[in-house]
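Please arrange chain Z on chain B, whose structure you already have, making use of the hints.
Protein chains: 2
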Amino acid sequence: MAKKIVECVPNFSEGKDQKKIDAIVAEIKSVPGITVLSSLADADHNRLDVSYLGEPEAVKTAAFAACKLASKLIDMEKHHGQHPRMGATDVIPFIPIQGVTMAECVELANDVGQKIGDELGIPVYLYESAAKTPSRTNLADVRRGEYEGIKTEFQTNPNGPRKPDYGPTTMHPSAGFTGVCARMPLVAFNVNLATTDVSIAKAIAKAVREKDGGLKCVKAMGFVIKEKGIVQVSMNLTNYLETPIFKAFEAVKAEAQKHGVQVIESEIIGMVPLQALSDTADFYLRLEKFKSDQVIEARLIE
Amino acid sequence: MAKKIVECVPNFSEGKDQKKIDAIVAEIKSVPGITVLSSLADADHNRLDVSYLGEPEAVKTAAFAACKLASKLIDMEKHHGQHPRMGATDVIPFIPIQGVTMAECVELANDVGQKIGDELGIPVYLYESAAKTPSRTNLADVRRGEYEGIKTEFQTNPNGPRKPDYGPTTMHPSAGFTGVCARMPLVAFNVNLATTDVSIAKAIAKAVREKDGGLKCVKAMGFVIKEKGIVQVSMNLTNYLETPIFKAFEAVKAEAQKHGVQVIESEIIGMVPLQALSDTADFYLRLEKFKSDQVIEARLIE
Numbered sequence: 001m002a003k004k005i006v007e008c009v010p011n012f013s014e015g016k017d018q019k020k021i022d023a024i025v026a027e028i029k030s031v032p033g034i035t036v037l038s039s040l041a042d043a044d045h046n047r048l049d050v051s052y053l054g055e056p057e058a059v060k061t062a063a064f065a066a067c068k069l070a071s072k073l074i075d076m077e078k079h080h081g082q083h084p085r086m087g088a089t090d091v092i093p094f095i096p097i098q099g100v101t102m103a104e105c106v107e108l109a110n111d112v113g114q115k116i117g118d119e120l121g122i123p124v125y126l127y128e129s130a131a132k133t134p135s136r137t138n139l140a141d142v143r144r145g146e147y148e149g150i151k152t153e154f155q156t157n158p159n160g161p162r163k164p165d166y167g168p169t170t171m172h173p174s175a176g177f178t179g180v181c182a183r184m185p186l187v188a189f190n191v192n193l194a195t196t197d198v199s200i201a202k203a204i205a206k207a208v209r210e211k212d213g214g215l216k217c218v219k220a221m222g223f224v225i226k227e228k229g230i231v232q233v234s235m236n237l238t239n240y241l242e243t244p245i246f247k248a249f250e251a252v253k254a255e256a257q258k259h260g261v262q263v264i265e266s267e268i269i270g271m272v273p274l275q276a277l278s279d280t281a282d283f284y285l286r287l288e289k290f291k292s293d294q295v296i297e298a299r300l301i302e
Numbered sequence: 001m002a003k004k005i006v007e008c009v010p011n012f013s014e015g016k017d018q019k020k021i022d023a024i025v026a027e028i029k030s031v032p033g034i035t036v037l038s039s040l041a042d043a044d045h046n047r048l049d050v051s052y053l054g055e056p057e058a059v060k061t062a063a064f065a066a067c068k069l070a071s072k073l074i075d076m077e078k079h080h081g082q083h084p085r086m087g088a089t090d091v092i093p094f095i096p097i098q099g100v101t102m103a104e105c106v107e108l109a110n111d112v113g114q115k116i117g118d119e120l121g122i123p124v125y126l127y128e129s130a131a132k133t134p135s136r137t138n139l140a141d142v143r144r145g146e147y148e149g150i151k152t153e154f155q156t157n158p159n160g161p162r163k164p165d166y167g168p169t170t171m172h173p174s175a176g177f178t179g180v181c182a183r184m185p186l187v188a189f190n191v192n193l194a195t196t197d198v199s200i201a202k203a204i205a206k207a208v209r210e211k212d213g214g215l216k217c218v219k220a221m222g223f224v225i226k227e228k229g230i231v232q233v234s235m236n237l238t239n240y241l242e243t244p245i246f247k248a249f250e251a252v253k254a255e256a257q258k259h260g261v262q263v264i265e266s267e268i269i270g271m272v273p274l275q276a277l278s279d280t281a282d283f284y285l286r287l288e289k290f291k292s293d294q295v296i297e298a299r300l301i302e
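From first to last, the protein sequence lines are chains B and Z.
First residue of the first sequence? That's 1 in the working numbering, and the numbers climb one at a time after it.
First residue of the second sequence? That's 1 in the working numbering, and the numbers climb one at a time after it.
Wrong hints could be hidden among the right ones.
Listed below are the simulated SDA-like cross-link pairs for lysine to any residue, each with C-alpha atoms no more than 25 Å apart in a straight line [unchecked claim]:
{"#": "1", "chain 1": "B", "residue 1": "K289", "chain 2": "Z", "residue 2": "D279"}
{"#": "2", "chain 1": "Z", "residue 1": "K258", "chain 2": "B", "residue 2": "R286"}
{"#": "3", "chain 1": "B", "residue 1": "K253", "chain 2": "Z", "residue 2": "E265"}
{"#": "4", "chain 1": "B", "residue 1": "K289", "chain 2": "Z", "residue 2": "V224"}
{"#": "5", "chain 1": "Z", "residue 1": "K163", "chain 2": "Z", "residue 2": "G121"}
{"#": "6", "chain 1": "Z", "residue 1": "K289", "chain 2": "B", "residue 2": "P32"}
{"#": "7", "chain 1": "Z", "residue 1": "K291", "chain 2": "B", "residue 2": "K151"}
{"#": "8", "chain 1": "B", "residue 1": "K289", "chain 2": "Z", "residue 2": "I269"}
{"#": "9", "chain 1": "Z", "residue 1": "K3", "chain 2": "B", "residue 2": "T35"}
{"#": "10", "chain 1": "Z", "residue 1": "K29", "chain 2": "B", "residue 2": "Q294"}
{"#": "11", "chain 1": "Z", "residue 1": "K247", "chain 2": "B", "residue 2": "K226"}
{"#": "12", "chain 1": "B", "residue 1": "K291", "chain 2": "Z", "residue 2": "K228"}
{"#": "13", "chain 1": "Z", "residue 1": "K3", "chain 2": "B", "residue 2": "R299"}
{"#": "14", "chain 1": "Z", "residue 1": "K4", "chain 2": "B", "residue 2": "G270"}
{"#": "15", "chain 1": "Z", "residue 1": "K3", "chain 2": "B", "residue 2": "A26"}
{"#": "16", "chain 1": "B", "residue 1": "K226", "chain 2": "Z", "residue 2": "S30"}
{"#": "17", "chain 1": "Z", "residue 1": "K3", "chain 2": "B", "residue 2": "P32"}
{"#": "18", "chain 1": "B", "residue 1": "K3", "chain 2": "Z", "residue 2": "S30"}
{"#": "19", "chain 1": "B", "residue 1": "K289", "chain 2": "Z", "residue 2": "S234"}
{"#": "20", "chain 1": "Z", "residue 1": "K247", "chain 2": "B", "residue 2": "T35"}
{"#": "21", "chain 1": "B", "residue 1": "K247", "chain 2": "Z", "residue 2": "I264"}
{"#": "22", "chain 1": "Z", "residue 1": "K253", "chain 2": "B", "residue 2": "P244"}
Just so you know, the hints here were simulated from the structure itself, not pulled from any lab data.
Pulled out of the complex, with its shape left as it was, chain B reads as follows (with noise of 0.2 Å):
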């Protein structure tokens, strides 16, 4: 029985101040058993970007003692960035990665987003595969407006369409509103094409991306990648069981050969499940019966 392995990637409104950036990842540090993947620090976007692994038990504990700490250091009155935000945590997902459902990783996000409403009084919106209601699917949706437009909506009418998921239907005096959500890994990937002609790449990612009727789970755009002098289709793989790498693969080269354009390679840009991988090993194999835990380093994690 594999150990359960829950990611999560929680955001901070505080990109500058190095102090109290390396207050928030120690906070998420400390707890036992947890594995900081990255974090990351932007300057412009004055935004704090973490990623961690651990136990369900683990992650959530780790998740809501950064959000206290960030409610004490950060305050939403005076923050300033490029990124959009509406609090001091603005979002925490939580990521099925090993031995997790993501109905489990629904159950997270509501344990911790209660906590968070009740302890903290912060109000929180639920999203993604937690969501609610189908108008709060969207992060940009919930989002829209930031902190200052969502403050002025809450406080006109606080049980209108700004109503909180959990926590008090008043204001908290500075870290506003935190999202809370349970979403698949995402992965990045790029294929890139030996032609110049960047209209190509563009209807390639247009027929694969799923808002123009492509693939399910698949948000894709073409550019030109002057360097090489190529162009490069751009893909987010939103849900890599419903649309696996090695099918987004498959389907652009389609589209290239229906242009007389070579596909030279691709990249997978930041991390990748062990799932997705041994999926394409499995589908270009024809592998038969064949199990993540068949991985000797897999066994290492249990």
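Okay, now just chain Z, sitting in the frame of chain B:
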């Protein structure tokens, strides 16, 4: 920087006495930092096969401790079993898994071999990548004659062809001889073909295996799978860096095509290193600059 992980797969000449089997496995498990992947005792073979992982120092400590205990528990003068064997601890292979070179595993084999020779008084033969002479590369050559035959040759001429790489030139009273090696992990990989004609599987096996001029580090045989009404090319890939899984698969597929036969499916039997899987994804997706440490789960091992 990835943590250094070595696999060790010692084999002991005891497959019947559960108390002794448990004691040897417990001895390995008792070393801090060791993860036992499997322990398989076979009564007919009268042999125990243990597989465990850890950092180099821990793996070394566990190998020596288990060998020491086995030398007390197992008497080769009384041992019988179907599997070829030469010692209480028959073989100790060290296998690089992550962040470790073959050269480092050869060093481990030498360290442990020397310690077994010096401290336990057991003659040690180094084989495979750890062999100090070509005649000891193959375990089958080293173990030829088994315990009884090697003992006679050794006692007749202790400084002759049976002179150990480490340890005394006199017999240990009961523990026999121990082979210590460094080798790559073995990937057991089968490809099933849509025909009942086993001569095709045999011909393909012959075409792809190293022995008959095929792919490096590939052993292959052709079999009938009666219950499925098909045939199988069953392969052992003894070095997945020399001949990766995808290369073996594509070679079998190409040979099958010559015979007008379809590949139905393939299977990986048992464990496989993450690198072997990610190399497969890499090949088919033409991945640029992909590293195994982009796999989320791999970060939990560091």
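**Asked** Taking each numbered hint in turn, which are not upheld by the structure, reported in ascending numerical order?
**Response** Hints 6, 7, 11, 16 and 20 not satisfied by this model.
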